[in-house]
Each structure stands twice: as structure tokens, then as C-alpha cells.
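J.: Model the full assembly from the supplied sequences, consistent with the hints where possible.
Protein chains: 2
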Amino acid sequence: MISKNQIKEVNALHLKKFRDEDNLFIAEGVKIIEEIILQNPKLIKELFVTNDYILRYSNLVTDKKINYHLISDDELKKISSQTNPNGALAVCYYFGNNDFEDSAAEFNFEEKFSFYLDDIRDPGNLGTIIRMADWFGIKEIFCSPNSTDIYNNKTIQASMGAFLRVKINYCELKEVISKSNFPVYGAVINGANIYQQALKNGLIVIGNESNGIAENNLSLITHPITIPAAANNKTESLNAAMATAIICSEFFRQLEQPIKK
Amino acid sequence: MISKNQIKEVNALHLKKFRDEDNLFIAEGVKIIEEIILQNPKLIKELFVTNDYILRYSNLVTDKKINYHLISDDELKKISSQTNPNGALAVCYYFGNNDFEDSAAEFNFEEKFSFYLDDIRDPGNLGTIIRMADWFGIKEIFCSPNSTDIYNNKTIQASMGAFLRVKINYCELKEVISKSNFPVYGAVINGANIYQQALKNGLIVIGNESNGIAENNLSLITHPITIPAAANNKTESLNAAMATAIICSEFFRQLEQPIKK
Numbered sequence: 001m002i003s004k005n006q007i008k009e010v011n012a013l014h015l016k017k018f019r020d021e022d023n024l025f026i027a028e029g030v031k032i033i034e035e036i037i038l039q040n041p042k043l044i045k046e047l048f049v050t051n052d053y054i055l056r057y058s059n060l061v062t063d064k065k066i067n068y069h070l071i072s073d074d075e076l077k078k079i080s081s082q083t084n085p086n087g088a089l090a091v092c093y094y095f096g097n098n099d100f101e102d103s104a105a106e107f108n109f110e111e112k113f114s115f116y117l118d119d120i121r122d123p124g125n126l127g128t129i130i131r132m133a134d135w136f137g138i139k140e141i142f143c144s145p146n147s148t149d150i151y152n153n154k155t156i157q158a159s160m161g162a163f164l165r166v167k168i169n170y171c172e173l174k175e176v177i178s179k180s181n182f183p184v185y186g187a188v189i190n191g192a193n194i195y196q197q198a199l200k201n202g203l204i205v206i207g208n209e210s211n212g213i214a215e216n217n218l219s220l221i222t223h224p225i226t227i228p229a230a231a232n233n234k235t236e237s238l239n240a241a242m243a244t245a246i247i248c249s250e251f252f253r254q255l256e257q258p259i260k261k
Numbered sequence: 001m002i003s004k005n006q007i008k009e010v011n012a013l014h015l016k017k018f019r020d021e022d023n024l025f026i027a028e029g030v031k032i033i034e035e036i037i038l039q040n041p042k043l044i045k046e047l048f049v050t051n052d053y054i055l056r057y058s059n060l061v062t063d064k065k066i067n068y069h070l071i072s073d074d075e076l077k078k079i080s081s082q083t084n085p086n087g088a089l090a091v092c093y094y095f096g097n098n099d100f101e102d103s104a105a106e107f108n109f110e111e112k113f114s115f116y117l118d119d120i121r122d123p124g125n126l127g128t129i130i131r132m133a134d135w136f137g138i139k140e141i142f143c144s145p146n147s148t149d150i151y152n153n154k155t156i157q158a159s160m161g162a163f164l165r166v167k168i169n170y171c172e173l174k175e176v177i178s179k180s181n182f183p184v185y186g187a188v189i190n191g192a193n194i195y196q197q198a199l200k201n202g203l204i205v206i207g208n209e210s211n212g213i214a215e216n217n218l219s220l221i222t223h224p225i226t227i228p229a230a231a232n233n234k235t236e237s238l239n240a241a242m243a244t245a246i247i248c249s250e251f252f253r254q255l256e257q258p259i260k261k
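Heads up: the protein sequence lines correspond to chains A and B, in order. Numbering-wise, our numbering puts 164 at position 164 of the first sequence, and it's gapless, one number per residue. Numbering-wise, our numbering puts 158 at position 158 of the second sequence, and it's gapless, one number per residue.
Don't read these hints as lab results, they were simulated from the structure. Be aware that a few hints might be false.
The list treats identical chains as interchangeable, and a pair is accepted whether it falls inside one copy or across any two copies.
What the hints assert, rightly or not - Simulated crosslink set (DSS-like; lysine-lysine; CA at most 30 Å straight-line): (1) K112 with K234; (2) K42 with K64; (3) K174 with K17; (4) K17 with K154; (5) K77 with K17; (6) K8 with K174; (7) K16 with K31; (8) K65 with K139; (9) K139 with K77; (10) K234 with K31; (11) K112 with K4; (12) K64 with K234; (13) K16 with K154; (14) K4 with K65; (15) K17 with K78; (16) K78 with K154; (17) K45 with K234; (18) K16 with K78; (19) K31 with K64; (20) K42 with K234; (21) K8 with K78; (22) K42 with K31; (23) K16 with K234; (24) K154 with K200; (25) K139 with K234; (26) K65 with K234.
Source: prediction; values computed, not measured.
T.: See the structure below:
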């Protein structure tokens, strides 16, 4: 059972304004909730689950002593943002990822490359980039303050639990690069071919989906780079997340893969 | 002005069942409609535009003699699937991309690699892969018959007009590979490291978002490959479109980029 008031409170969290007021966000689905329970169960404030979910996952919630509200499929639909909600929805506490000052000194760009996302707007793009960062061992990424919200439901879902492991800092580019003297790569139209450059660890700036890198950040870039297209191609650009994946893969290959025989 | 009946007819096309009945689909937004008008204006059956759109694009529609219905912003909202519709919506004829028999003989896998998407389900993933294929000069890709619909609104939007240039064939894997004797790569968990393999032109099979490559297709793969992860990584997989981008980039680099000095 879930009260009308609870339904209202949970649904409010689909909006950033109310998330920020309460410092709470929503995570949905069997897989992500399993990861939260296993890795950081204290994040969970309230867990709403269906009967089917408990039949399959009673061990998990019992082992970790997670309290839950048993609700019907119809009730889950009333609080979920998904067309076909998947057994469980958790209201979670903010994990305090946003505090740049804490971590500025921690990240060593000379040991590992990372990304600065300049005004990324699509929550799915941000989430899928976080998932990829985790895959390639990038423990921290950076976003401009106007970028989409890490706590957006779609970001959390697309990250598939990687938000538990990759730290997201919202800050100005100049704050990140003021600390040290590493290369600042920027994905632009007429930069050096990524496949032919000897890439180094540093920071890689990725621009907004429509407008690229902001004017005032362009001047901070020391190494403009480009993913070359096939000859005669008519597609003007790649999706921002896809471009990030390709660039990340090439940095990883050059810097962290044994040389091909 | 738009009649109630027209609103109903257009909205029906948000569902595959009605698209297939009428052989019609929807394309939305200034950018995609500009590409359709410039590249294949005959695709357009009906064009609905707002006053603002006509103020900016009157030359484009006049030059190409495109008839249009002028509608209000509120009317556009009634037929659009988008939260913030962007000036224009076109009802378009199917472009007959689905007919495998036509093109089976056309594509030469020894000259250019391509992808077979095995049960890809997310329309955004399919669209963004089409956009990327166009970027890297892949003129044709292949999907299993149960894959998501090319004419889904989200696929069309995510492809950003690349659906006009990349042919999509729905067919069984065995039909594609029966014709010739090229390598059949498959993205799996324990394959060869893509960065350390000498890759050749051929077909690359990408599995479903949750379940990977179907059992009966696994046996057809001659070269299992893997994107290596960082040591100790905890993310189980990459998003299917991101994995496709990374693999495509590596094939492109090895096969079509001049060797790095």
C-alpha cells in the first residue's frame, strides 16, 4: 500500500526543483536497485517493490536488512516515470557528488585522462557517458554548471548503476585546469585527427549537442582534436555520447593497451 | 488549420501498426525536415509548419515547391510526440528500405565493413547507430527481423537525417552471410581484444541490449571480439550503441586511416 501523499511526494522528485529541495532522487528497476543495495544501501530512503520483485529478490533485501513498502503493479505505475516499470523503485539520498572543491586536488590528469562535458543537455547522453567512463576506469568526470542534472531519472537509468562509482563534478572549465599543466583536448570540427595524434593523459572537452564547445571555453583548449569522417560524408556530426565513446576508446587504446604486435 | 480528423490520422502514425497499414511515418523538427526537402522531397506527403518556421524557411519550401499546412504552435503540439516540438512535422512515405533481396548482392563486405544488429530494441540506439554509420561511410546496415522499427519516431529523430543515406535491411543473419566468405565478427564477452586484432572488412554482429547475440546466431560468428575494460571495472557492459561506435571506430582506424607516423 502507498498513500496518496506518498504518491505525490515521490512524483515530485521527477522534477529537479523538488529533488533539490529534498536532496532526494529516484532510481528504478531491478538491476540498478540491486547495485545500490550491494554497493551503497545507505543511499536508500524508501524502497517500493511489487510482490513479484520480493519473490525473486527476498534474499537480497533480507540480507542487507532493507525495509520496503509492498505495493501493487498499478501503484508502482503511479510513481514510476517508465512505461513498463520493472518491479522496484527507490527514493534515494543525494550522494554529494556535486562538490568540486573536495575533489579538485584528488584527480591527477597526468595519470588518467578524463572528460569535461560542456553544457551537455540530454540526460540519456550523460548517463551513458558515466557508464562508459566506468568501463574505461575513469573515476571522475566534470560537467559545466549548466549541464543536465546527474539526478535526473533518465541519467540515473542510463548510467546503469555506474553513478555509484564515477564521481561527477559540476564546475567551470577554468576551475579544473587552473590547478596544473596538462593538455586540454577539445573535440572540434577542424582539429587534429585523433587516430594520428600521439595522445597523452589530460582533460578532454566535449561540447553541447547542438552548439559544440562554448566560446569562452574554446580559448582554454590547447589541443583541438577531431574524429575524421569518411570521404564525402554528409552527416554533420555524431551524437555527443557516441563521439565521447570514440574519443575515449582511442585514448584508452593509445595509453593503456599493450602495443599491437 | 488542421482538422480533428487530420490530428487523428497523424497521431495514429506514432504506432507501428498504423504506420504499416498506411506505409507512412513521421519526421519532426527543422533540421531533419530540411534534409528531407533537400535530398528527397518526394518522401513528403504532408508538411505541417508553424508561422515561425515559414518566416525562417520560406525560401527552402518555395524553392522546392513543397505544399504545406500552416498550423498554430498548439496544433503542432497535438500531433507531435515531442515535449517541445520544433516548428515542423512531416508525414512521409515509407522509403522501401526493408527489402533485403534487392540489396543482398550489392553490398561487398570485402570492400567495406558493416553491422548486423541482432534484436536491437531501443529506437534511439538504432537511430544513433545509423547516424554514426553515415559518418563512417557505411552505406548499408542489417537488422534482425525482430529489431526495433526504422520508422519509429525516435529512430528517425536520432538518425538526424542519416536514414536518407544509409540503407537498413531487416533479415536473418544467415541470409546475409550465405552469399560470400568474409569474416563474421561478433561482439561478445570473451573475444579477442579489438585493439590488438588485425581487423579486416566483414560483418560485425552486435547483440541485444540485455541478452547479447542470440544463441542461433552465435554459431555463425567466425571472429569473436571484445572491447577490453579497465582492470577491476564493475560495469558489466556498455550501452549497445556506444559499443557499436567504439568497434566501428577501431575498424575505421585500422582499415581506412593512414598509418600513424
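J.: None of the hints should be skipped; say for each whether it holds.
T.: Right, here's what the structure says about each hint:
1. In the homo-oligomer, the alpha carbons of K112 and K234 lie at most 30 Å apart only across protomers (18 Å), although the nearest pairing inside one protomer, at 34 Å, exceeds that limit.
2. With identical chains, the CA atoms of K42 and K64 are at most 30 Å apart within one copy only, with a shortest distance of 10 Å there and 61 Å across copies.
3. Taking the shortest Cα distances, K174 and K17 sit within 30 Å of each other inside one copy (27 Å), while across copies they are farther apart (52 Å).
4. With identical chains, the CA atoms of K17 and K154 are at most 30 Å apart both within one copy (16 Å) and between copies (27 Å).
5. When the C-alpha separation of K77 and K17 is checked against a cutoff of 30 Å, the pair qualifies both within a copy, at 22 Å, and between copies, at 25 Å.
6. For a Cα distance limit of 30 Å, the shortest separation of K8 from K174 qualifies neither inside one copy, at 41 Å, nor across copies, at 52 Å.
7. Taking the shortest alpha-carbon separations for K16 and K31, both the intra-copy value of 24 Å and the inter-copy value of 29 Å come in at or below 30 Å.
8. Only within a single protomer do K65 and K139 lie at most 30 Å apart by alpha-carbon distance; the minimum there is 29 Å, versus 54 Å between protomers.
9. For the homomeric pair K139 and K77, neither the shortest alpha-carbon distance inside one copy (34 Å) nor that between copies (41 Å) is at most 30 Å.
10. Only between protomers do K234 and K31 lie at most 30 Å apart by alpha-carbon distance; the minimum there is 13 Å, versus 39 Å within a single protomer.
11. Taking identical chains as interchangeable, the C-alpha atoms of K112 and K4 are never at most 30 Å apart, the minima being 49 Å within one chain and 58 Å between chains.
12. Taking the shortest Cα distances, K64 and K234 sit within 30 Å of each other only across copies (20 Å), while inside one copy they are farther apart (53 Å).
13. In this homomeric assembly, K16 and K154 come within 30 Å of each other (Cα to Cα) both inside a single copy, at 12 Å, and across copies, at 24 Å.
14. Proximity of K4 and K65 under a CA criterion of 30 Å is satisfied intra-copy only: 26 Å inside one chain copy versus 55 Å between copies.
15. Taking the closest pair of Cα atoms, K17 and K78 come within 30 Å of each other both inside a single copy (20 Å) and across two copies (27 Å).
16. Within a single copy, K78 and K154 get their C-alpha atoms as close as 17 Å, and across copies as close as 24 Å, so both meet the 30 Å cut-off.
17. In this assembly of identical chains, K45 and K234 lie within 30 Å of each other by CA distance solely across copies; the values are 24 Å between and 49 Å within a copy.
18. In this homomeric assembly, K16 and K78 come within 30 Å of each other (Cα to Cα) both inside a single copy, at 19 Å, and across copies, at 26 Å.
19. Taking identical chains as interchangeable, the C-alpha atoms of K31 and K64 lie at most 30 Å apart only when both belong to the same chain, with a minimum of 16 Å there against 50 Å between chains.
20. Only between protomers do K42 and K234 lie at most 30 Å apart by alpha-carbon distance; the minimum there is 19 Å, versus 50 Å within a single protomer.
21. In this assembly of identical chains, K8 and K78 lie within 30 Å of each other by CA distance both inside one copy and across copies; the values are 9 Å within and 27 Å between.
22. Within a single copy, K42 and K31 get their C-alpha atoms as close as 17 Å, which meets the 30 Å cut-off; across copies the closest is 46 Å, which misses it.
23. Within a single copy, K16 and K234 get their C-alpha atoms only as close as 37 Å, which misses the 30 Å cut-off; across copies the closest is 28 Å, which meets it.
24. When the C-alpha separation of K154 and K200 is checked against a cutoff of 30 Å, the pair qualifies neither within a copy, at 32 Å, nor between copies, at 37 Å.
25. Taking the closest pair of Cα atoms, K139 and K234 come within 30 Å of each other only across two copies (12 Å); inside a single copy the shortest separation is 36 Å, beyond that limit.
26. For a Cα distance limit of 30 Å, the shortest separation of K65 from K234 across copies, 23 Å, qualifies, whereas the shortest one inside one copy, 56 Å, does not.
Comparing the model with each earlier hint shows violations of hints 6, 9, 11 and 24; every other hint is respected.
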